[in-house]
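Below are the chains, spelled out letter by letter.
Protein chains: 2
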Amino acid sequence: MASFHDWAREVASKMERALSDVLPAANAPPQRLHAAMRYATLGGGKRVRPMLACAAGALTDAPFERLKIAGAAVEIIHAYSLIHDDLPCMDDDVLRRGRPTCHIEFDEATALLAGDALQALAFDLVAGNVLSDDAATQLDLVRLFAHACGSHGMAGGQAIDLANTGMSITLPELEFMHILKTGALIRASVLLGAGCGRALDEDGRKRLDQYARCVGLAFQVVDDILDCESNTEKLGKTVGKDQEANKPTYVSLMGMAPAKRFADELLADALQALQAFDARADRLRQLAEFIVRREH
Amino acid sequence: MASFHDWAREVASKMERALSDVLPAANAPPQRLHAAMRYATLGGGKRVRPMLACAAGALTDAPFERLKIAGAAVEIIHAYSLIHDDLPCMDDDVLRRGRPTCHIEFDEATALLAGDALQALAFDLVAGNVLSDDAATQLDLVRLFAHACGSHGMAGGQAIDLANTGMSITLPELEFMHILKTGALIRASVLLGAGCGRALDEDGRKRLDQYARCVGLAFQVVDDILDCESNTEKLGKTVGKDQEANKPTYVSLMGMAPAKRFADELLADALQALQAFDARADRLRQLAEFIVRREH
Numbered sequence: 002m003a004s005f006h007d008w009a010r011e012v013a014s015k016m017e018r019a020l021s022d023v024l025p026a027a028n029a030p031p032q033r034l035h036a037a038m039r040y041a042t043l044g045g046g047k048r049v050r051p052m053l054a055c056a057a058g059a060l061t062d063a064p065f066e067r068l069k070i071a072g073a074a075v076e077i078i079h080a081y082s083l084i085h086d087d088l089p090c091m092d093d094d095v096l097r098r099g100r101p102t103c104h105i106e107f108d109e110a111t112a113l114l115a116g117d118a119l120q121a122l123a124f125d126l127v128a129g130n131v132l133s134d135d136a137a138t139q140l141d142l143v144r145l146f147a148h149a150c151g152s153h154g155m156a157g158g159q160a161i162d163l164a165n166t167g168m169s170i171t172l173p174e175l176e177f178m179h180i181l182k183t184g185a186l187i188r189a190s191v192l193l194g195a196g197c198g199r200a201l202d203e204d205g206r207k208r209l210d211q212y213a214r215c216v217g218l219a220f221q222v223v224d225d226i227l228d229c230e231s232n233t234e235k236l237g238k239t240v241g242k243d244q245e246a247n248k249p250t251y252v253s254l255m256g257m258a259p260a261k262r263f264a265d266e267l268l269a270d271a272l273q274a275l276q277a278f279d280a281r282a283d284r285l286r287q288l289a290e291f292i293v294r295r296e297h
Numbered sequence: 002m003a004s005f006h007d008w009a010r011e012v013a014s015k016m017e018r019a020l021s022d023v024l025p026a027a028n029a030p031p032q033r034l035h036a037a038m039r040y041a042t043l044g045g046g047k048r049v050r051p052m053l054a055c056a057a058g059a060l061t062d063a064p065f066e067r068l069k070i071a072g073a074a075v076e077i078i079h080a081y082s083l084i085h086d087d088l089p090c091m092d093d094d095v096l097r098r099g100r101p102t103c104h105i106e107f108d109e110a111t112a113l114l115a116g117d118a119l120q121a122l123a124f125d126l127v128a129g130n131v132l133s134d135d136a137a138t139q140l141d142l143v144r145l146f147a148h149a150c151g152s153h154g155m156a157g158g159q160a161i162d163l164a165n166t167g168m169s170i171t172l173p174e175l176e177f178m179h180i181l182k183t184g185a186l187i188r189a190s191v192l193l194g195a196g197c198g199r200a201l202d203e204d205g206r207k208r209l210d211q212y213a214r215c216v217g218l219a220f221q222v223v224d225d226i227l228d229c230e231s232n233t234e235k236l237g238k239t240v241g242k243d244q245e246a247n248k249p250t251y252v253s254l255m256g257m258a259p260a261k262r263f264a265d266e267l268l269a270d271a272l273q274a275l276q277a278f279d280a281r282a283d284r285l286r287q288l289a290e291f292i293v294r295r296e297h
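If you're matching them up, the sequences are chains Y and Z in order.
Here my numbering runs 1 ahead of the position in the first sequence, where the first position is 1.
Here my numbering runs 1 ahead of the position in the second sequence, where the first position is 1.
With the rest of the complex left out, here is chain Y (with noise of 0.2 Å):
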């Protein structure tokens, strides 16, 4: 078995390839659009979503056709959210992987049509390949999917962030805007990745979801924790950001301390869950440790 970082690093650029495959080429019209998707999707971030599936995938024998199209659609998502949350009536921010934010590289009007048309492009890759040997398990899988990009997932996370920003909220409700948030879509990229393979029993799927739910978690404990000791060099944004804008994060509400202690919790919960399954859910576990441990 190659080593998690070998893994990782062979996954990152497979995904690439296939998002540069599956995005509009730059010079089909309209081209400044394509332009756009392709500058907000390419060429940076840690795949960590498409990695979840990738990984997912593994536990269930799914072929690598049907895992890109899977983790470049959870990807896109993520691109299209980047996007939106960056412009100047969300956090209003210009850097992003170490580059301008798309509305300064191209403009406002071109970002917002871009994450929306990635948005669309995303449905379009999961509902147009085939991702399942049966037809009606694909459709669940889209509308899995769907759920957890619209109201009741991240684009709802996003508005209950934004509606938090200066407020003074509990610990219960900082985590049911995360589990929006980000914890939708990292849950939807692991059963995205499951679903490509042979299906789960019930008690194997509680299992996953268990999973997915605790790194979901612990991706947003541990960024928020980032936010508060790395460097922008380091993270390639703003640093800082969240508690300039007065922003409740696990940080801010338990202490550094405790929101380590969390995390690593999550971690013992994540791992925990996957005990029943073989070695085939090692890249699960490794991804988990990755999550938890990243520096950036």
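The hints are simulated quantities; they were obtained by calculation from the structure and are not laboratory data.
Here are a few chain Y residues that face chain Z, going by a calculated C-beta distance under 8 Å:
1) H85
2) M91
3) T111
4) L113
5) A121
6) L140
7) I161
These stretches of chain Z come out as covered by chain Y in the derived footprint (C-beta under 8 Å, 3 or more residues):
8) 30 to 36
9) 84 to 90
10) 105 to 118
11) 126 to 136
12) 156 to 165
Over 12 Å on every C-beta distance to chain Z, these chain Y residues come out as not near it, computed from the model:
13) P64
14) L96
15) E106
16) G205
17) I226
18) S231
19) G256
20) D270
21) F278
C-beta atoms are modelled at their ideal positions from N, C-alpha and C, and glycine is treated no differently.
Knowing the structure of chain Y, use the given hints to seat chain Z on it.
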């Protein structure tokens, strides 16, 4: 057979209820987001796209239980596109359907996210409800729908519209823009509605597609005519904006009389395409007449 007027009123009323049912409840969190989604979708609009879906469904004996989902999905995409189109970075409009636009009634960030969440909801609907007896056929419908919304459809058309503002373009360029901006979703409305019923043969599909393309283009030509000839009160949105923004239109490129002749020709072509169908195509025929003869 009920008169077209009665049929249209009944469909509009049933669709209003269907939309209200499928939209998230206003008291479910995040409340402000859900309120904005409902505000922008309910209580206005001609509901032309759901009517096209229902009329096409009549041709294939599709049950209303399915058509209401298809109709709601295309109308929800239309509503999201209007929210984003009205934003300050796009058309910067304050009036829509006789009421303040979404970002005026709420705020820009909420309007942005309401549009995003509406797009996801539309895909949730078409994947999460039975539209066809055959799941593989339904996946095809979802793909067709997603394609119509993306950079090769509606979002792409918006981008070209933006790029064209203040530019001198040719008639074929204007047509290309509108086929994407308005035509793609209108075509999807027809094909989605028809797809909810019995399968058409190859020839039938081609004829219906031809009808949908003609109606989609006619719709935009008439829109351009009305933007010149109607008034703000009748239209419920700011008129004369195209001219003011120096946007190329069918009227500015062809002149008023040739634009009206062109709309008539497209209507004749649409009706011609339906000739081989029996009386079940009558709603589609009436709807084409309505779209070309409407005064708002």
